[in-house]
Amino acid sequence: MLASIIASGLAVGAVYALIGITYNTMFATSRVMSFTAGQLGMLGGVFGSLFALRLGLPVLPALVLTLACCALIGVVTEIVAVRPVLKSLDQHLYVLTTLALALLIQHTTAMEWSTEPQPFPRLLNLGSGIWDEKYWLPVVVCLLTILGLEYLYRRTLVGRAFVAIAEDNFAARALGLPERNLRIASYALAGAIGALAGFAGGQLLLAFFANGPLLNFYGFIPVALGGLGNNRGAVIGGFLLGLFQQAANFMVGGIFSSVAVFTLFIIVLLAAPQGMFGAQAARRV
Amino acid sequence: MDATTGTAPPRAAAAVKLAGPLTPLWPFLLLLASGLAMPLTGNDYWGLIATRMAVYWVLVAGLNLIVGFAGQLAIGYVALLTIGAYTTSVLAAGNVLPPLPAFAALGVAGLAGAVFGVVVGLPALRLRTFYFAMTTLGFATIVTQITLAWQDVTGGGIGIPGPMLPEPFDTTWGFLYFCLGFAAVCTWLTANIARSRFGRALVAVRDAEVAAEASGIHKPKLLVLVFILAGALAAMAGGLFATLQTYITPDAFTFDLSLLFFIAVLIGGRGSILGPLLGTVILTVLPEIAAPLAAWSTFLYAALLLVIVLAMPGGIAALIDPRGRRKLPENRVIAPLPEALDALLGQRQVPEPLRLRGIVLAFGGVRAIDGVDLEVAPGQVHGLIGPNGSGKTTTLNVISGYYRPEAGSMAIGAAPLPAGQPQGRAALRIARTFQTPRLIGEASVLENVMIGGTIDGKAGFAEALLSLPRQRRDERELEARARLALEAVGLAGLGEVRADRLQHSELRFMEIARALMLRPAFLMLDEPAAGLSTEEIRRLGALIRNISRHGTGVLLVEHHADLIFDICDQVTVLNLGKVLAAGTPAEIRVHREVVSAYLGA
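Taken in order, these protein sequences are the chains called A and B. Just so we're aligned, residue 1 is where the first sequence starts under the working numbering, counting upward by one. Just so we're aligned, residue 1 is where the second sequence starts under the working numbering, counting upward by one.
Everything labelled a hint here was simulated from the structure, so no lab data went into it. Computed from a predicted model, the values in this text were never measured in an experiment. Any given hint might turn out to be false.
Stated by the list, open to error - Computed cross-link-like contacts, EDC-like style, restricted to lysine to aspartate or glutamate with a CA-CA straight-line distance of at most 20 Å:
#1 B:Lys-219 <-> B:Asp-456
#2 B:Lys-219 <-> A:Asp-90
#3 B:Lys-578 <-> B:Asp-456
#4 A:Lys-87 <-> B:Asp-500
#5 B:Lys-458 <-> B:Glu-475
#6 B:Lys-578 <-> B:Asp-373
Claimed, not checked - Taking CB as the label site, the calculated pair distances span:
#7 A:Thr-115 <-> B:Glu-496: 49 to 57 Å
#8 A:Phe-170 <-> B:Gln-435: 47 to 55 Å
#9 B:Leu-293 <-> A:Gln-118: 21 to 29 Å
#10 A:Phe-250 <-> B:Gly-94: 32 to 40 Å
#11 A:Glu-150 <-> B:Gln-503: 49 to 57 Å
#12 B:Val-366 <-> A:Val-64: 31 to 39 Å
#13 B:Leu-25 <-> A:Gln-118: 54 to 62 Å
#14 B:Leu-293 <-> A:Gln-91: 28 to 36 Å
C-beta atoms are modelled at their ideal positions from N, C-alpha and C, and glycine is treated no differently.
Given the sequences, and given the hints that come with them, work out the whole structure.
Shown next, in the form of structure tokens:
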């Protein structure tokens with residue numbers, strides 16, 4: 001039992017961590033927390049099932065198409081819900097615009113795809129029992145993603161430009177960095193990462209429209225725990241959350257495990273509003 | 001001006017009455033009358049819709065104070081509706097305790113709602129906006145799951161019957177009348193809060209949090225009171241909702257409802273009562289007249305939310321608010337009235353001096369202030385000058401309690417002034433203005449100024465809720481004092497204007513009026529002359545001198561050397577966080593280091 005708790009805990013934890021990274025990627029260049037993060041994860045599963053199962057494409061083209069579609073939705077998010085409200089960031093209008101967009105995505109999926117969970121295909125057909133691909137695939141994808149992002153941010157010019165914008169928007173613009181294009185690029189990247197989360201976790205979570213708000217909430221917890229914009233914190237927080245949730249699931253049952261997660265979340269947040277590795281808030285006066 | 005009475009300042013005040021949130025009253029009465037006339041249609045279905053509208057409004061009226069006034073994005077408010085519906089139904093059905101009468105059950109639900117209202121709201125006191133929105137959503141999910149799981153009490157997925165109200169409220173029309181009456185009372189209650197110092201403080205916390213603190217507004221206390229009220233109303237709406245449904249299951253409390261409540265406030269517009277009421281009416285009717293779209297109602301609400309935020313952020317309230325369009329007088333002149341200042345400040349007991357000794361404060365490795373000594377004497381104007389980054393504003397922020405110094409002491413006379421605690425300064429009669437005016441753009445100039453007198457209100461929240469005599473007396477006094485303050489700074493004719501329509505120079509004087517509401521012992525002005533014309537600077541100088549003559553100690557941070565040397569009794573010059581020189585203007589003017597470091601040859 002312990003083995004299966006750990007296997008499934010790490011698997012869902014990896015999905016949560018990836019959604020957390022999706023949040024962070026959007027936040028880095030825009031200072032906006034977007035409610036669409038969870039929907040992107042949900043769409044990763046839905047598009048994956050659509051392309052690979054319903055349309056019968058091979059895995060690789062299906063993956064590429066899924067990533068492309070979600071990247072596009074990321075860009076649409078930036079144009080529709082983020083750019084218009086960036087001028088008045090202090091009024092927090094982005095909470096409302098991204099929530100509205102997230103609901104539009106969710107409801108359209110429910111109406112046009114299905115209101116019932118749909119199956120997700122096996123991707124590699126490797127492993128069985130606790131070594132089944134549905135458990136280790138999300139973990140591998142999560143680790144590859146974080147390594148890839150570290151490489152991007154540290155070793156490439158575009159990645160360094162991202163970091164510069166995240167550190168100091170004004171200074172970066174003064175240096176002549178194309179702030180708007182970089183922001184669009186980061187939203188496309190976030191879309192792809194969210195899609196990866198849904199695609200890799202598809203066999204666990206299935207292609208289901210209601211995964212959107214679920215992933216939105218459980219993906220936000222790692223961000224809150226790890227500190228805004230801190231990807232490594234999100235990964236650690238994601239795995240911890242996954243393990244805690246699955247352990248609670250096995251011990252006290254589904255409904256009370258979500259109560260336990262929520263209570264723990266509130267307590268941790270109230271005790272450490274900046275997260276475990278977060279920075280202090282800015283000066284106000 | 002009135003020649004015969006000589007010194008008495010003109011009172012334009014008496015003519016215009018402060019417009020409350022229920023002014024004009026006729027739209028409210030019209031809505032109520034059409035609700036009351038529903039039985040004439042003989043159509044039970046429409047009676048049902050009207051009842052639902054009234055029930056929703058009971059919840060939205062409270063939520064409006066949280067979202068529309070305090071600006072807290074509480075999205076998952078369906079949770080409180082659920083709690084209220086189940087509390088009432090379970091208590092009335094008697095499957096836990098002996099059955100209670102429906103009205104008693106409704107009352108208990110209100111209490112439960114008050115408690116859970118605070119539980120849902122508490123994170124708002126500590127967390128950032130997005131985090132708070134997220135926790136309210138999480139809470140809504142949890143409550144639904146608990147109602148599903150706790151089968152012994154809630155009936156789980158099967159549900160339980162809603163409570164029946166006794167005669168004469170047990171018919172369609174009787175229940176409609178009961179709900180309409182309840183909704184009318186809620187409208188009155190929330191309007192009372194909206195027009196009290198509590199309502200103004202809520203808006204101040206939303207739009208000008210720093211200025212609210214400087215005016216002595218204690219945000220957590222204020223928000224908790226409003227969470228209690230809104231929670232109680234929402235839970236009682238839940239009880240009525242259960243009666244209306246006659247049978248409730250967890251499915252009845254969808255996220256759509258949360259969205260409906262939340263969007264009703266936003267469509268209505270912030271800081272209004274009529275707007276959200278109309279929003280509730282529209283959103284309740286919309287799915288009925290667009291029946292084929294019922295399956296898409298979430299989509300519709302979401303699209304509406306997006307359009308409102310992007311296209312008409314002011315909501316309905318902005319469309320129906322005449323203040324935004326009325327023409328302002330041209331060629332306005334700011335003409336401070338010394339007589340009004342006399343009437344406002346009077347002659348008071350002279351306070352003891354404010355002393356700073358060896359104040360040190362570093363940001364990271366930079367010592368922003370490094371051992372500053374300063375003494376502001378009552379009845380004097382003390383100038384604080386120095387190059388940019390020399391620590392002037394930082395010194396002001398230390399005195400106002402926004403920063404805690406690492407070393408040094410502050411005291412008024414013999415009484416030590418505690419470090420930190422910006423909300424405590426108003427009670428000590430320490431007032432201030434800000435380098436960039438902190439205003440509530442959507443409120444009138446008069447309301448902005450009244451914020452400054454918040455701590456002098458004597459009536460409590462409950463008295464404000466019921467608009468009891470002491471509350472009304474408070475309001476009259478605050479309003480009269482605010483009009484005096486506006487006359488004193490020379491903005492007498494502009495009380496009813498929306499603050500965001502004033503010119504920059506007028507805003508600077510409005511901030512001084514707000515500070516004067518405290519009848520301050522010490523007044524700190526942060527670059528009040530920035531952006532003013534020469535003539536306005538001259539009048540500002542006279543006003544400041546005049547204020548100090550009434551016993552107030554003024555600490556003036558300024559770059560206009562002429563103004564400083566004209567009106568100051570004492571001048572302290574800062575450079576790199578240290579006191580470079582201190583003395584009378586005459587001494588400073590010839591101080592060699594000051595001249596070379598700051599004033600120039």
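Sort out whether Glu-475 (chain B) lies within 20 Å of Lys-458 (chain B), counting only the CA atoms. Cα-Cα ~10 Å, so holds.
Under the criterion that the straight-line Cα-Cα distance not exceed 20 Å, is the pair Lys-87 (chain A), Asp-500 (chain B) satisfied? holds, 18 Å
Verify the CB-CB distance for Val-366 (chain B) and Val-64 (chain A) against the hinted window 31 to 39 Å. violated, 51 Å
Honestly, do Phe-170 (chain A) and Gln-435 (chain B) meet the 47 to 55 Å range at C-beta? Roughly 19 Å apart at Cβ, these two residues miss the hinted range, so it is violated.
Given a hinted range of 28 to 36 Å, is it respected by the beta-carbon distance of Leu-293 (chain B) and Gln-91 (chain A)? holds, 31 Å
Mind checking the alpha carbons of Lys-219 (chain B) and Asp-456 (chain B) for me, to see if they're no more than 20 Å apart? holds, 16 Å
Range hint 21 to 29 Å: satisfied by the CB atoms of Leu-293 (chain B) and Gln-118 (chain A)? holds, 25 Å
Lys-578 (chain B) and Asp-373 (chain B): Cα distance at most 20 Å? holds, 9 Å
Glu-150 (chain A) versus Gln-503 (chain B) beta-carbon gap, inside 49 to 57 Å or not: holds, 52 Å
Can the suggested window of 32 to 40 Å be confirmed for the beta-carbon pair Phe-250 (chain A) and Gly-94 (chain B)? At roughly 37 Å between Cβ atoms, Gly-94 (chain B) and Phe-250 (chain A) fall inside 32 to 40 Å, so the hint holds.
Given a hint of 49 to 57 Å, does the C-beta separation of Thr-115 (chain A) and Glu-496 (chain B) actually sit inside it? Since the Cβ atoms of Thr-115 (chain A) and Glu-496 (chain B) sit about 53 Å apart, the hinted range of 49 to 57 Å holds.
Starting from the range 54 to 62 Å, see whether the pair Leu-25 (chain B) and Gln-118 (chain A) falls in it by beta-carbon distance. holds, 55 Å
This entry does not satisfy hints 3, 8 and 12, going by the numbered hints stated previously.
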